[in-house]
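Q: Work the whole structure out from these sequences, hints included.
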Amino acid sequence: MAEGDLSPSALKAVAEHLGVLREVARRHPALRRSVQPHIEDVRRLATSALFYSFCLRNPKLFRLWGSLLADLAFFFGELSAPHTRFVGALPLEEMIEAESADFRRLDAADVCGRNSLWNRAAERAFEQATRSALLNRSFGVWWFDTGFVYHLTHLTFYLSRWGGTREPFTCQFRTNLERATRWSMAVADADLVAECVVAASYSQPDAGGDDLIDLILARQLDGGAIQRGPSCDHDPVTEFEQFRHTTLVGLWALSQYASDHGVELTLDLEGPDPRLAAREPPAPDAEELRLLDDLVSRYADVTQDHLADAERTLAWQVSRRIQGRRPFRCDQHHLEDLHDGLPDVPAELSLPRALTKTLLELAGGHACGACSSRLLDALRAIAGTGPSGDDQLHRLLGRFLALPLVAN
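So that you can map any letter, position 91 of the sequence shown is 84 in our numbering, and since no number is skipped, the others follow by simple counting.
Since the hints were made in silico from the structure, they are not lab data.
Check each hint, because a few of them may be wrong.
[To be verified] List time: in silico EDC-like cross-link candidates among lysine to aspartate or glutamate, alpha-carbon distance up to 20 Å:
(1) K350 with E304
(2) K350 with D302
(3) K53 with D100
(4) K53 with E86
[Claimed, not checked] Listed next, with one range per pair, are the computed distances between beta-carbon atoms:
(5) E120 with V311: 28 to 38 Å
(6) E171 with E86: 32 to 42 Å
(7) V311 with R25: 51 to 61 Å
(8) V295 with E171: 17 to 27 Å
(9) D34 with E86: 26 to 36 Å
(10) T306 with A211: 39 to 49 Å
(11) R291 with D34: 51 to 61 Å
(12) R291 with R167: 45 to 55 Å
(13) D207 with S290: 25 to 35 Å
(14) R130 with D302: 43 to 53 Å
(15) R167 with W111: 27 to 37 Å
(16) R291 with E86: 52 to 62 Å
(17) Q310 with F141: 31 to 41 Å
Computed from a prediction, not measured in an experiment: that's the story for all the values here.
Backbone N, C-alpha and C fix where the C-beta goes; we use that ideal spot for every residue, glycine too.
A: Have a look at this one:
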């Protein structure tokens, strides 16, 4: 294997597997020995000069390769001392402080802790985390999105030292986690639901979660993979790789739940059939941009006074046929979107489709003022950054904001 073959994406896949297997093995000790033959090749790679050379040439990937080393040391005790000496030889203070966000610094500090290393930068990162607003303030449901829930659950993992203590957690934090869990259930995201199961177990006694486990199990395919979103019968089959992360986090949640309830798991380590799974929806494409372009051109220089009643009715009817949740909605309609979509919440709209739907609602005279205000504030902020190269969507955004139906 050449050093160029050690890509960040490949290491991320390996690190995700090791991290989840570590947590499952901590709760189910019999797994620890049985999994060793399956990760022997990873052990050989991580003790090779090739791997150490990759680490030295890629210090910015410390959170990735450092995590992999720490988890291998969990499974193969003889690796712990040499790995710790190697990691300790790097400028860890600078590597933690150089991270651009508090959350990333906490990631790096956690890697230091799992490598049996500690320094002032790691200590500062954890001290800052204990002053997080999530611990001393309750957040309303309108704050929650995928990134917010992800931040909340990972803060739980780190501050609890992977389930070692519940000391940092407050009533406000548990309220936030309970709301995040309900939000994740409402949007039917099995990946986030699984993270919430583990976070609840780590942060509070008697966490329960039977209904959460039911959702995760309901997403399991015949081959063992767990898919993140609700199944769609019309979607063709895709590769198991598409479901790797959700499957791993789901396994973690199931093992944590089983441990909390005194159930010992028997795990099949052969893995699922890679031919099973369902294709994810396609990303927004040129056709969406073309339709938005046509609509913006149609409504150029048009005000509400120019629109006949029949055209307003048609615009409103068409807007209602564009399915999906939009960002930047007011509190009422944010919750309405979630409630109306249960149990099969449609995917969130791409920006071109969200703008198309909004423009048709404005033309139909049925747009919510609060929703429109939030959306337009966000769009103006995006437009203010200026286009990057040949950015068709950015140019369309400027034309959209200049429309009389939008500006007025």
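Q: For a C-alpha distance cap of 20 Å, please report whether K350 and D302 respect it.
A: Since the Cα atoms of K350 and D302 sit roughly 18 Å apart, the hinted pair holds (cutoff 20 Å).
Q: Please work out if K53 and D100 have their alpha carbons no farther apart than 20 Å.
A: It holds: about 13 Å lies between the C-alpha atoms, which stays within 20 Å.
Q: Tell me if the beta carbons of E171 and E86 are separated by a distance inside 32 to 42 Å.
A: Cβ of E171 to Cβ of E86: about 37 Å, so the range 32 to 42 Å holds.
Q: Note whether the CB distance of R130 and D302 lies within 43 to 53 Å or breaks it.
A: holds (48 Å)
Q: Taking the Cβ atom of V311 and the Cβ atom of R25, is their distance within the range 51 to 61 Å?
A: For V311 and R25 the Cβ distance comes to about 58 Å; the hint holds.
Q: Cβ-Cβ distance between E120 and V311: within 28 to 38 Å?
A: At roughly 54 Å between Cβ atoms, V311 and E120 fall outside 28 to 38 Å, so the hint is violated.
Q: Given the hint of 27 to 37 Å, check if R167 and W111 actually sit that far apart at their C-beta atoms.
A: Because 28 Å falls inside the window, the suggested range holds.
Q: Indicate whether the distance between the beta carbons of R291 and R167 respects the range 45 to 55 Å.
A: Given about 51 Å between the Cβ atoms, the range holds.
Q: Kindly confirm whether 26 to 36 Å is satisfied by the beta carbon distance between D34 and E86.
A: holds (33 Å)
Q: Just to be careful, I want the Cα atoms of K53 and E86 compared with a cutoff of 20 Å; is the pair within it?
A: Within the cut-off at roughly 13 Å; holds.
Q: Given the range 31 to 41 Å, decide if the beta-carbon distance of Q310 to F141 lies inside it.
A: holds (34 Å)
Q: For the pair T306 and A211, does the Cβ-Cβ distance stay inside 39 to 49 Å?
A: holds (40 Å)
Checked against the numbered hints above, the structure breaks hints 5, 8 and 13 and satisfies the rest.
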